[in-house]
Amino acid sequence: MVLRFLQTIPSLGGIYHTNTNSYQTIPITGLEYGLLTTGEAIVFLKVDWDEPETLYYHLAEPGPEVSAHPNNLHICTAVGQYLAFTLMALGSPGERREIRQEERLQAMKNLKTWAEDFESTLRSIPENERSASSDYSPGHEPTTYKDVDRSPALPRKRTRRTAACQTGEGSLRKDDRQEPSDDESAPRPPDTPTPTGRNTRQGTRRSQRLALRPRGGGGEQGRQYCTQKCLLGMVKGGFLDPKCPNVALHCKSCAPARARHPVDHKEWLRLLWKQLKQSLDDGIRPLGEGGARGVLFQVTLLAHGYTFVSKGTVRAFIKDLEHEAAVYERLKPIQGVNVPVFLGAIDLRSMDKTYYYDHRVYVVHMTFLSWGGCSIDRAQNMGDMNRSLEDEAIRSLRAMHREGVIHKDVRLANMLFNPETNRVMVIDFERALLLEPPRRPLAQLVPNKRAWKSETMDAKKVTGDSSKRSRPSQSFSEDIWLAKTAFLEWNADRWARVARAPC
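According to the working numbering, the residues represented by the sequence shown are 1 to 503, in order.
All clues given are correct.
Restricting the straight-line Cα-Cα distance to at most 27 Å, the calculated cross-link-like pairs of lysine-lysine (BS3-like) are: (1) 46 to 109; (2) 319 to 408; (3) 277 to 266; (4) 146 to 46; (5) 319 to 353.
Ranges of calculated distance between the beta carbons of each label pair, as one might list FRET restraints: (6) 484 to 315: 33 to 43 Å; (7) 142 to 83: 14 to 24 Å; (8) 484 to 77: 53 to 63 Å; (9) 91 to 63: 27 to 37 Å.
Calculated directly from the structure, the hints in this document are not laboratory data.
C-beta atoms are modelled at their ideal positions from N, C-alpha and C, and glycine is treated no differently.
Given only the sequences and the hints, what does the whole structure look like? Please build it.
This is the structure we're talking about:
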């Protein structure tokens, strides 16, 4: 990792160490700006993504700066400088570009690792030598930029189009001639460690980047999700669904009425793995939604146009999603009707990749599912729809119970209304309890009387005492009771909002 120009920073304890930590966060999160602070000093950081190995910085000491610039003290305060820096980081409307995942991965791959372990170095120094002697004086003078004019820059005067036509291109105003254009950078203040030789071309490069920047998601933002019948048919090796909005992409040279899917499930997963290895940007778009164990993406298999949902999780919660996959395996008979279709899972670590979703949300495992539907709140309720939503939710829960699954976390957030099937689908099975199916007797003496038994599972998946675990019927009732309570509270809150609404 190259930290150019940092050697001129006045002696602030641990400045190199702190900068390397802050700098590491910037490429991972795809940011352009960052900062660190000691309380008395602030170091503003910037990474130019055309040259990510270089870290630019500006050292600010608001206290001394306020004293040195009494006429513009409001600009020099910590609040003023934070505000200015925030506006810079936000950028002008339409100018912010999102750094793609592959760009981040490439930058981190090319960066060198800081070789020195500062904690080890500190421990190697005897304690009696770690503190400076009483007569030692570092002689540090605060950075105040005393010779820099800190008065606010006046906005540039702009001529109207008509005036420009009348005066011609050659007669520019004096004020316009003195102000830098959009593709130029104003001269930097003295004593700022950022090099000045590069300033003249940075503005132009930024404009070029903005013009050429990708819009994200590989251009798949408007793609509709495949139907339950479509994806279920692909998993089972069946026929295409003529009603799927993407059927033309699945079958580019055949009539979809009685055509089979172009790939089987195994080949489908192989193509998806290959696509993700090639790029974590094309065909994948974060939805900005998530729960306790994962975040959601819209994913498209670009080779054949299959569009579905992915639930990504971090390393710590992989076991939870693997347990959820086992639950979906048990629920195969009701997939596509009462629960989404399970499409498989891919571990990004197998391709040495990580999806940097957010700060410390580093997705390494992705589960793929059919789109379950919209939230209950967004469902279009007409007439007696409220009651039917509750009925459909309970119907789906009972279907799960017949397959030997207790949900254990029944909430409205874990139920979706699917307009295709006109049913409520249940999702999120990280806490679900699998029950062992009854053994088939040699001679069925008393049919349909054998109860489900609790399956031996990981301890953290089983809640409650042993007596409760041996009574699945009670757990079934708890699931149903939680669903009824959730809808009761939802309806009460909904009517309260209606009552408060102005006439």
